[in-house]
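Enquirer: Here's the letter readout for the chains.
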Amino acid sequence: MTRQDTILRVENITKSFNGNPILRGVDLTLRKGEIKILVGPSGGGKSTFLQCLNCLISPDSGQFWLEERPVDIFSKKELYRYRQQVGMIFQDFNLFDHLTAMDNVTLALRKVKKMDKKAALARAIVELSQVGLEDKTRLYPAELSGGQKQRVAIARALAMDPKVLLLDEPTSALDPDLTGEVIDVIRNLAKKGMTMVMATHQISLIRTLADEILFMEAGVVVEKGSPKTLLVPGTRSQGFCDKLNSLSGEGI
Amino acid sequence: MPEIIAIIKDALPYLLSGGLITAGIVTGAMALGLILGLSMAVGRVYGSTAVKRVIGIYVWFFQGVPILVLLFLFYFGVFNYMGLNLSAVSAVTVVLGMTTAAYQANIFRGAILSLPQGQFKAASTLGMSDIQTILAIILPQALRLSIPAWSNEFSIVLKDSALAFVLGAPEIMARAKFVASRTYQHLPIYIVAGLIYFILTWAGVRALARLEKTVRIPGYSNKGI
Amino acid sequence: MFKKNLIVWFGIMALLLTGGGQALAGKKIVNGIDANFPPFAFIDQKGTPSGFDVEAMNWIAKEMGYEVEHKAYDWDGIITSLLTKKIDMVASGMSITPDRLEKVAFTSPYWKIKQVMVIKKDSALTLDDLLKGNKTVGVQQGTSEAKWLKEAAEKNGWNLQLRYYDSSPLAVEDILNGRIAAAAMDDAPAKDASDKKDVKILGTFGMASEDFGYAVRKEDAQLLKDMNEGLKRLMASDYWKELVKKYDLK
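Residue numbers (numbering that gives the first Met the number 0), protein chains in the order written: chain A, 0 to 251; chain B, 0 to 224; chain C, 0 to 249.
Source of the hints: derived by calculation from the structure; they are not laboratory data.
A couple of the hints might just be wrong.
A few chain B residues facing chain C, derived, Cβ under 8 Å [claimed, not checked]: (1) 45; (2) 61; (3) 79; (4) 80; (5) 167; (6) 180; (7) 183; (8) 185.
As a list, the in silico BS3-like pairs of lysine-lysine whose alpha-carbon atoms are at most 25 Å apart [unchecked claim]: (9) A:135 to B:212; (10) A:113 to B:120; (11) B:120 to A:162; (12) C:45 to B:8; (13) B:8 to C:149; (14) B:51 to A:75; (15) A:35 to B:120; (16) B:8 to C:195; (17) B:158 to C:70; (18) A:112 to B:8; (19) C:149 to C:190; (20) B:158 to A:110; (21) B:120 to A:116; (22) A:75 to B:120; (23) B:8 to A:76.
Quantities reported herein were computed from a predicted structural model and do not represent experimental measurements.
Positions of the beta carbon are idealized from the N, C-alpha and C atoms, including for glycine.
Take these sequences, add in the hints, and give me the full structure.
Expert: Spelled out as structure tokens, the structure:
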């Protein structure tokens with residue numbers, strides 16, 4: 000557990016909206032290849048925390064270290080560079096509706112990484128193939144199914160070679176029959192060693208992928224630990240998962 | 000009756016070339032309105048409070064004062080004060096342009112706001128700056144959404160251009176009046192003038208509808224606006 | 000024979016082209032006109048400004064070494080246009096009045112004008128009817144007769160309604176429409192109207208006759224001098240008689 004392994008570290012993230020405290024001091028340390036999963040009831044602050052991790056939402060307080068170097072999130076330049084290395088997948092996919100799948104992936108490559116058209120195109124094809132969409136590159140988001148849209152979103156994020164991938168309920172907006180294709184892609188990512196922080200209700204992911212589970216409620220991390228230690232009868236996490244089980248019908 | 004037809008036939012080229020001037024005024028005004036209106040819309044959605052306030056005042060002013068008043072105010076007042084010696088046609092184009100900019104600002108603002116916020120977030124997470132996002136993601140979609148309302152605004156501006164005659168701009172309305180004063184055939188001449196306006200409006204609206212179809216994104220339905 | 004004509008033709012062209020060059024060397028001025036005021040100023044069939052005052056100005060400009068451009072303006076704002084330098088002069092049937100003299104300078108008068116009432120051809124109305132019978136009389140906005148009628152009506156306690164129009168021809172239309180009983184205007188446009196439409200001139204209505212003059216800005220002394228000189232020469236020439244005849248002014 001050498002400190003050189005630490006990819007991302009944040010300390011004491013707080014955030015209030017209109018006087019309502021949503022995050023009341025959350026810390027997180029991520030080492031290379033780790034997968035940490037946030038679980039907990041809605042409104043507990045999971046999504047807000049994820050969006051604070053890449054500063055889509057500016058935290059009221061908190062400190063950031065990327066690969067052990069502090070990041071000044073108030074400097075626009077540093078912020079943009081930081082964001083290139085921390086990718087995000089959204090519950091609602093958030094594809095660029097006016098661009099084809101291909102262009103969705105190449106846009107940031109050309110505008111942010113300043114790649115030329117040909118290189119961007121080649122990279123885009125690689126990423127889209129890896130999520131199984133090599134034959135759908137010319138389609139527009141409106142012509143894709145939910146699962147396909149999320150896979151494009153993943154390809155788009157990965158094309159930027161992020162060091163960390165944040166996933167905010169990646170399968171929650173999908174019909175049950177489409178979640179499988181996205182879960183497969185996520186599993187592949189994990190296998191390849193992608194460092195991830197994910198908020199999800201998907202039991203299978205929680206149990207099989209997590210290196211550490213963080214149970215968040217009312218803006219703080221109430222419990223945390225590996226699945227082995229946390230998913231035993233009596234813990235809040237287990238209680239929560241039981242509830243999810245009964246709702247989804249999946250068995251643990 | 001045959002004498003009326005002769006008068007109309009005589010006057011037609013004169014009136015039609017007035018149509019060219021009208022077309023010029025409208026094109027200039029809509030272009031100015033587009034550039035100014037789009038900038039103001041972006042400023043109103045993404046700008047600081049101070050920026051929003053200034054733009055708000057501009058929009059409130061130009062929407063609140065009748066165009067006729069604005070024409071006199073600017074042509075005989077403001078422009079002179081500023082030492083600008085604009086011809087009647089230029090003055091009308093500028094004033095109409097500034098007015099339509101106020102309305103267009105609202106059109107574009109509505110279109111921008113109707114877009115799902117998430118796309119902006121996604122662009123940000125990829126490391127794109129706000130300006131890059133606005134230019135590459137927001138505006139291409141907002142502009143497409145705005146075409147119907149913009150077409151509407153175009154037909155309004157075309158009709159408003161008839162007011163140009165009070166400044167002596169030799170467009171359709173002014174010319175119709177000149178012919179009518181000489182021939183005392185007001186009704187037939189004004190009918191012809193009306194027809195010319197109608198044809199110009201119709202042609203413009205059709206062209207914009209064609210544009211909308213051309214830039215339409217497959218499968219993309221009009222959300223909101 | 001053919002060659003000779005060709006040479007003549009080339010010669011004329013050469014003259015015209017060089018002659019054109021000379022005219023361009025003159026000073027440029029813009030004459031603001033009310034293009035809805037036949038026969039003094041209007042737009043002809045081809046779309047060019049024409050009329051008694053326009054043609055007179057063209058002659059004077061050439062004579063005095065100026066290049067004149069005629070531009071149509073709303074009569075109501077024409078003095079403002081002159082003062083704000085959008086135009087350099089007004090040669091367009093403008094009456095010399097004390098009011099206007101406060102703002103602009105006029106040349107010596109070049110035409111005397113009477114103000115008359117115009118009514119429907121088959122109307123039996125008398126002047127008394129119009130002034131005291133609670134009728135509506137049309138006038139062009141911004142004219143001296145409009146002002147005179149308003150003030151005289153108040154002073155004498157006349158019972159008439161004034162309706163303002165942007166041009167005399169429009170007022171004539173409304174006479175024919177029956178919206179107004181009569182319209183007050185200068186005698187020359189009145190004659191123009193009665194020639195073309197079913198209206199007739201009733202006669203004067205008590206307003207003193209006025210003189211037309213060209214208006215320039217008070218500070219343009221040289222222009223005023225040149226215009227006065229030009230008018231003097233014009234009125235002494237045959238062309239003046241031609242113009243008067245052409246436009247049927249008497």
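Enquirer: Please go over all the hints and tell whether each is borne out by the structure.
Expert: Do the hints match the structure? See the list:
no., hint, in the structure
1, 45, "violated, 41 Å"
2, 61, "violated, 22 Å"
3, 79, "holds, 5 Å"
4, 80, "violated, 10 Å"
5, 167, "holds, 4 Å"
6, 180, "holds, 4 Å"
7, 183, "holds, 5 Å"
8, 185, "holds, 5 Å"
9, A:135 to B:212, "holds, 23 Å"
10, A:113 to B:120, "holds, 20 Å"
11, B:120 to A:162, "holds, 19 Å"
12, C:45 to B:8, "holds, 11 Å"
13, B:8 to C:149, "violated, 41 Å"
14, B:51 to A:75, "holds, 22 Å"
15, A:35 to B:120, "holds, 22 Å"
16, B:8 to C:195, "holds, 19 Å"
17, B:158 to C:70, "holds, 23 Å"
18, A:112 to B:8, "violated, 64 Å"
19, C:149 to C:190, "holds, 23 Å"
20, B:158 to A:110, "violated, 42 Å"
21, B:120 to A:116, "holds, 24 Å"
22, A:75 to B:120, "holds, 15 Å"
23, B:8 to A:76, "violated, 68 Å"
Checked against the numbered hints above, the structure breaks hints 1, 2, 4, 13, 18, 20 and 23 and satisfies the rest.
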